[in-house]
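> Each chain, letter by letter, is given below.
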Amino acid sequence: MKHFIINRVLSGILVIFGISVFSFLLIHFIPGDPVKIMLGINASPEQVEKLNHHLGLDKPLLVQYWQYITNAFQGDFGTSLKTGRPVLIEILDRFPETVKLAIFGLFVAVVIGVSLGIVAAKFKDSFIDKMCTAFATLGISIPSFWLGILLVLVFSVKLAWFPIANGTGFRDLILPAFTLGVVASTMIMRLTRNGMVEVLSNDYIRTARAKGLDDGLILFRHALRNVLIPVVTVIGLQLAALLGGTVIIEQVFNWPGLGTLAIGAIMSRDFPLIQGIVLFMGVMYVTINILVDVLYSIIDPRVEMGTKEA
Amino acid sequence: MAKLETYKPIQARVAPKDPIKIKSDTLRKLLKDKRAVVCILFLVIVALIGILAPLLAPFDPEEQFYESILQGPSKEHLLGTDAIGRDVLSRLVYGVRVTLTVSMLAVAITFFLGTFIGLLSAYVGGWLDNVLMRIMDILLALPSIILALAIVAILGPSLTNAMIAVGVASIPGFARLIRGAALSIKSSGFVEASRSIGSSHSWILRRQFLPNVAGVLLVYTTLFIGVAILDTAALSFIGLGAQPPTPEWGTMLSEGKNYMYDAWWLATFPGIAITIVVFSVNFLGDALRDIFDPKSTR
Amino acid sequence: MSNLLVVNGLTTQFESKNGPLTVVDGVDFTLKKGEVLGLVGESGCGKSVTSLSILQLLDKYGKISSGEVLYENTNLVNKTEKEMKKIRGKEISMIFQDPMNSLNPVLTIGKQIGEVIEKHEKVKGAKLKQKVVDLLNLGGIPRADEIFHEYPHRLSGGMKQRVMIAMAIACNPTMLIADEPTTALDVTIQAQILDLLRSLKDELDMSILLITHDLGVVAEMCDRVVVMYAGQVVETTDTRTLLRNPRHPYTEGLIQATPHQSKGKSRLKSIVGQVPTPDQYSPGCRFADRCPKAMDICQSNVPPLFEIDGQTSCRCWLYEMKEEVI
Amino acid sequence: MQEPDTLDVHKTSMSIASVITNHLGGTLLTVNADTNEIESNLAESYQVSEDGKTITLKIRQGVTLSDGTPLTAKVYKDTFDRILNPETGATVAASLIGGIQETSAPDEQTFIIELAAPSAPLLRNLTSRGYLQPLSMAAIEKHGADYGRNPVGAGPFIFKEWVTGQSITLERNDDYNWPHASAKNQGKAYPDQIVYKFIQDQQTMLAALDSGSIDVAMEVPPKDVQRYRDNPDYYVIEAERQGLGLFLEMNLENETLSDLNVRKAINMAINKDAIIKAVINGEGTPAYGPIPSAVFGYDPNVESYGHKLNKDEAISLLEQSGYTKNSNGIMEKDGSELTFELSIMTQHNQAAQMVQAMLKDVGIDVNIQSLEAGTLIEKVSQGEFQLSFLAYSYIDPDILYLLFHSSQIGGLNHVRAQNSELDGLLEKGRTTIDPEERKQVYAQVQEIVVENAYWAPIYAEKVFFVVNKRVQDVKLMNVNLDYQDSWVKQ
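Residue numbers (my numbering), protein chains in the order written: chain A, 1 to 310; chain B, 1 to 298; chain C, 1 to 326; chain D, 1 to 490.
Isolated chain A (complex conformation):
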C-alpha cells in the first residue's frame, strides 16, 4: 500500500510540475498586456511603463518563472495584478463556494444517477429501462448552459421559487446544483444500471437469496457495494471536474466560484492569478485521482495496491 501511494504521489508531483511549466508558457503566449488592460484605455505610455517595471513584468521569462517557482515553494504564489491581494487568498476566498456547488451538485447526481440506475436494472429491458436510458442520453445531450437558462427562466423568474443572485445560501444553491447534477447523473445512472445488471446475474446474489435474506439487504449490502467499484471512479472524475468550477454554470447563475475567477483572470491577463488557479486545479485533480485509487482498494479488497492499472 505505502509503496503504491509513494509512487503515485511522485508521479502526481511530476504532473503538477508539468502543469506549472506548461501553463506558465501557455499564458505568456496569450497576446494582451495585463498592465494596459488594467489601466484601461485612458493610460498614457509612460504610466504603462512605470507599472510594468513596478510589477516586474519587464524581466525575461525564465527569470520570472524561476522566481515564481522559488516563491511557490514558500507558499507565496505571488499577488494578483488586478487586486494586489495574494493569489492564494483570492483562490481560498472563492474555493468554498465552488466546493459547496460541487458537493451539492455531485450529491444530486449520485442520488438521481444511482436510484435511476437501480430502477432501470431492476426492470431490465422494460419500458422503464428504456425511459431511464433515454433520459440519460438526453441529459448528456442538452447544452448545460441552456438548461441553466431555462431553469432560471422558469423557476426564478416566472415561478419565483428561487431567488436570483442573492448570495450563496442554501436556496440559491438548488438550481445550479440541480443543473450540474442532472448532467453528471447521466454518467452515474448508466454505469450503475450496467453494473447492477451484471452483478445481479452473479452466483453470490443467488447464494444470498438462498440464505433467505430480504431483498433490500441483498440490494444494498451485496449488490450495490459491487456496483460501486466502477461508479466510484466516475464520481471521482466528476468531483475533480466540478471542483474545477464549471465556468458556464457559474456565469449563468452568477456563482462566485473558481470558474468565474478563472475567466476574469484570463480576460484581464492576471498572470499570477491564472497560474495560481491552474496549479490549484492541477493539485486538486491529482489528489482526487489518488484518493479514488485508495478508495478503490478499500471498496474492492481484491485490488492489491500497485497492481491495479492506474
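Please note: incorrect hints may appear among the correct ones.
[Said to hold, decoys possible] PhoX-like cross-link-like pairs, simulated, lysine-lysine; straight-line CA separation at most 25 Å:
no.	chain 1	residue 1	chain 2	residue 2
1	A	K50	D	K469
2	C	K17	A	K124
3	D	K469	A	K59
[Unchecked claim] Just some of the chain B residues that point at chain D, by a computed CB distance under 7 Å:
no.	residue
4	Y66
5	Q71
6	G72
7	P73
8	I154
9	L155
10	P244
11	N258
12	M260
I should point out that these hints are in silico values taken from the structure, not numbers from a laboratory. Even glycine gets a Cβ: it sits at the ideal position worked out from N, Cα and C.
We have chain A; now place chains B, C and D onto it with these hints.
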C-alpha cells in the same frame, strides 16, 4: 478547473471489458437495430438540410431587415427575427453546415491524434507509455476551458481555431480510452501469439490491433461528435467561438441569452437544435456500442 | 423413517420467445429424514431447476406451473415470498457448484456467514462471532479466527466450498440441497468435501438432496437415487440396486459411461446423441431415439412410471407388465 | 456590475471602484447639476492666481474622516503626495492631477497647489468624486497592503464588509453633516446601509431586480429600459453619457485608409439612426464630432458640417479615388479589392454586423474579428488594426489630447493622427483657463478632426439606472447615483 462538462466522463460511459471487434455482419446488425436506423436517418436529413441550405432557407442568413427587428415567430419569419432583424430559421438552416463541419473536423483532430497516441502508448508500453500518459495527465488536469481559451487566444478567435481548440481539448480523454481498449487486446494473448511466430510489428498493428480497436474507435468517435458540438457551442457562449456574422448555433444561443426575457425564441430554437442533433448522435453511439460489444447487456 | 420432503408432479416452465418451455415435467420423489437422496442425470436434464424450484429461487423468467412440494406436510408452492424467506437458510439451505463465485468478493467470510444467523436467530456481537468461528471449525477450516476477517478471493476452491457448507448449516437446517457441490473441485478435495458432508449429516441429523451427474459420488454418498432425463424422472431406486441392476436403458448407459476400476481397461461406452431440448421432445419416450432397446410403442406414447418392487420404479415400456405407479 | 479590483482609490483602475468610494468620501469642489458651474464643497472657497499656476483652497472646518482624523489641509497634502509618489503606482488618480508640481499646507485651513503650467482641466478634475477624496494616512499605515479592503473617507457612508465575489456593504456615517449644498437633507444620510451586489450578467441583474433581491440596477441595457418605463413599480433615471457611446477608428498608417476620400465615404455610408434603433433601442443621439453634447466645449454646429448619410456621394468619392465596382459588387483599384478588417469587442457584435452590411452597400467589404477586451486593447494601441469600434467616457474635453495628440501614439492615439496644427490647439486647450476662450479652441479641434474624418462617430448614448419604487428620491450627481435623500417606503 472549469470543465466543459460534457466530455470527460465519456471514459466512464464505456467500460470495455472485452475487445470490441468489427463483425463482418455489422451492417446487417446495424440495420436491424431500430434505434440506429432512426438516428442515421435523422442525421442524414440534417446533413441534407445543411447541403441544400440555399434552397431551403427562406432568406439570406445575413440579410438584415431593419423594420422587423426582434419579431416573434410569424408567417413570413417562421422562427422570428433576431436583434438586427435577421431570419432565425435561415440562420439555423445555414447553421447546420457550420455546426456539422466544425464538429466533424474537430473530431477528426481528436480521432487521429488521439488514436495515434493511444495505440502507440499501449503497444510500445514501458517508458513511452509512461511519458505519454503523464502528458495526457497534464492536459487532463489543465482545465479544458483554459486550454481552449489559450489556443483560441494564441491563434486568434475564428471558427477554425475554435475547432482546433475543441479537437485538442478532447485528445487526452480519447487517447486514454483507446489506450484502454488496446491494452485489453494486447493482454488477450493472440498478440503475443502472433509476435512469437515472428510477425512484424506493422503487421500486428494492422491485422491484429486495428480491426479489434476499430469497433471501439467507431463508438467513441460517434460519442465525441456530440461532445465536439457541445464544446464548440460552449466556446461561442463565452464569446470565443465563431466570428460574427457566421450563423453558428452556439453563438445564436449566447446572443439569445441576452434577450431571455423579451425574445424567448432567440435562445430556444438553437438550444433545441443542438440538443436534438447531439441526442441522435449519442443515441447512435449507444446503438453502435451495443452492436459491437459482444457482451452487450441488451 | 418418515418423509421430510414429498414432491408430487412438480412442473416448472420458462417463458421464451415462442411460448413457455417445460423444463421440469411432472417430477415425483420423496426425501426421508436422515437420508441422502441422489438426483442424477446428464447436465441439461432439469435436475438443477428442480432443486431451485423447491426453494423457489428461479429467476424472473421461470415459474412453477403445477405440482406440489410438501415439506413437513405444508405445500411450499403456495407459500408467500415472505414465508419462503423464513424457510430458506433456516429449514432448508443450499450449496452450489462453483464455489469460486458463490461468495461475495467484497464482504468478509465472517460477515457472510454471520448474516444468516443474524437474520434467522437474532444473535449479535461477540456471541455471533463465536458461533461463526465454531461453524468454521465444524466445517474443517483451519485458523478460523483469521479466516473470519479474510476476504473470499484469498481462499482456495475447496476452502470456499467449506465456507459455503458452514454457511448452509449455520442454523442447523433439517435439509440441505447440494447442487453438484464437488464437480468444480479436483478429486482429492472432492473426497474431503464428501466426507465432511457425510459427518455433518450424522452430527446434525440433516437429510441431503445431492444433485450430481457423477455416479461415483452417488455410489459413495447416496442411500437412494432418482434418475432424471429430459425433465422427467425415469428411474427411482436404492443405490445398490441401481449400480448392480439398473432397469432403465438410460441408467445402464450412464453406468457404462462411468470409469470404475472394476471395469479394468475395457473401453467405456458413451450414449449416442444428446439430451433433447424441451421443444424437441418426441411424443413418446423422450429417450426413445437414443435408446438401444427402443420399441415402436416407445416412439408413440409416453411410458408411465412403472412400480417394479417396493423400492424401485422405472419409466420404460420394457417393464410394462408390472402394474402401473401413478 | 463587476467586482472592483480594490477600494484604494489611488490604485484602482476600475470605474466601479470610484462609484463605490464616492459614498465614502467628499470632493474639494463640485459641479452644480443645472448650471454646470464649479462650486465649493469640502473647500469653502478657491482662488486661481493671475498666471493660473497656483490654486489656493480654504478647507471647511468641522469635517472628520470615519477613523476620527479631522480633515485639515495637511490631510489633503499627504493624499496628493501619495498620488504623485511613483512608489504608489497610482493609476487614474495620477492622470487626473498630472499637471501638479507640488502642494503645500501652510496652516490648518489653506491648501496650495503649484502647477508647472496653467491647467484648465484640473479644476474640473478636482470635482471628480472618488479618485481625489481625502484619505487618512493613519489608516493606510495600519492596514498596509490590505488598505484596499478597509478604505477610510470623509463621506456619508462608512465601509462595513466585502464578501469576495458577492457584495460590498456600506453603513451610514452618523456624524456626517457636511453634504453638498444642493442636498435637501443637510444631516446624515437617510439610508442605514447600501449593499453593492456583483452580478456579471446583465440579464441576471434584471432578473434579480424583478425578483426583488436588488432595488437599484445600474447601467441597464437600453433595450430593456422601455419595459421598466411602462412598469409602475419602477422608475428610470437617465443621464447623458459623458463620452461617445460608439465610434469607428481608422488606422491612418493603413495605405488605403490614408486616402481622405475613403474615410469620408465610410462616414457617409453609415446609417447612424438604424444602428441607434437596433442596438440601443433608439435611446441615443447620432454623433457627428469626437465629443458628445454632454461634455464641456461641445460645438453644436458640428451637426451641420459633420458627414451625413449619403450613399451616392460616398460611391462618387470612391470613384474619384479611382475605384470601380467589380463583378461581385466590391470596389476595386489596380486589381485589389477594397476590403478591411474590423476588430471589435464581443459586446459590439451587433453594431459591427450592421456596419458591415452598410459598407457592403457602397462596395466596401468588411471582415469582422471579434476579440476579447484584453487582446483588442493590445492590438489597437500597437496599431495592428485597420478599423475598430471603441467607446470612451471622460468628464473633460482634454481627453481629445490623449486621443489625437501625436505624442500619444502607442497610447490612446490609435488612429496615429500626426497633425501639427491639431497638436498646437490641443496643448492650448489644456492651458486656457477662461471657459469661453477654451470653447473656441476645442471648436477648432472638433472641426479639424471632422474635416480629416479620423473617426466615423456613430452615437452618443444615455446611461440608465432603474430603481424599485420601494426606494424613493434616488438622485443623480454628475453621472453617479446619490442616496443622501433616499428613503425606503416600509
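> Look at each hint and say if it fits the structure.
Here is how each hint holds up against the structure:
Between K50 of chain A and K469 of chain D, the direct Cα distance comes to roughly 47 Å. Violation of the 25 Å bound is thereby established for this hinted pair. Proximity of K17 of chain C to K124 of chain A is assessed by CA-CA distance (about 16 Å); at most 25 Å being required, the pair is judged to hold. Proximity of K469 of chain D to K59 of chain A is assessed by CA-CA distance (about 55 Å); at most 25 Å being required, the pair is judged violated. Interface hint status for Y66 of chain B: upheld, as the beta-carbon distance to the closest one in chain D is roughly 5 Å, under 7 Å.
With a least beta-carbon distance of about 13 Å to chain D, the hint placing Q71 of chain B at the interface is violated under the 7 Å criterion. The interface hint given for G72 of chain B is broken, as the beta carbon of that residue sits about 15 Å from the closest beta carbon of chain D, more than 7 Å. About 19 Å separates the beta-carbon of P73 of chain B from the nearest beta-carbon of chain D, more than 7 Å, and the hint is not met. Hint status for I154 of chain B: violated, given a least beta-carbon distance of 10 Å to chain D, over 7 Å.
Given hint, L155 of chain B at the interface with chain D, is violated; its Cβ is 11 Å from that chain's nearest Cβ, farther than 7 Å. Taking 7 Å as the C-beta contact cut-off toward chain D, the hint placing P244 of chain B at the interface holds, the least distance being around 5 Å. Interface hint status for N258 of chain B: upheld, as the beta-carbon distance to the closest one in chain D is roughly 6 Å, under 7 Å. Hint on M260 of chain B holds. Least Cβ distance to chain D is approximately 5 Å, under the 7 Å limit.
When each numbered hint is compared with the structure, violations occur for hints 1, 3, 5, 6, 7, 8 and 9.
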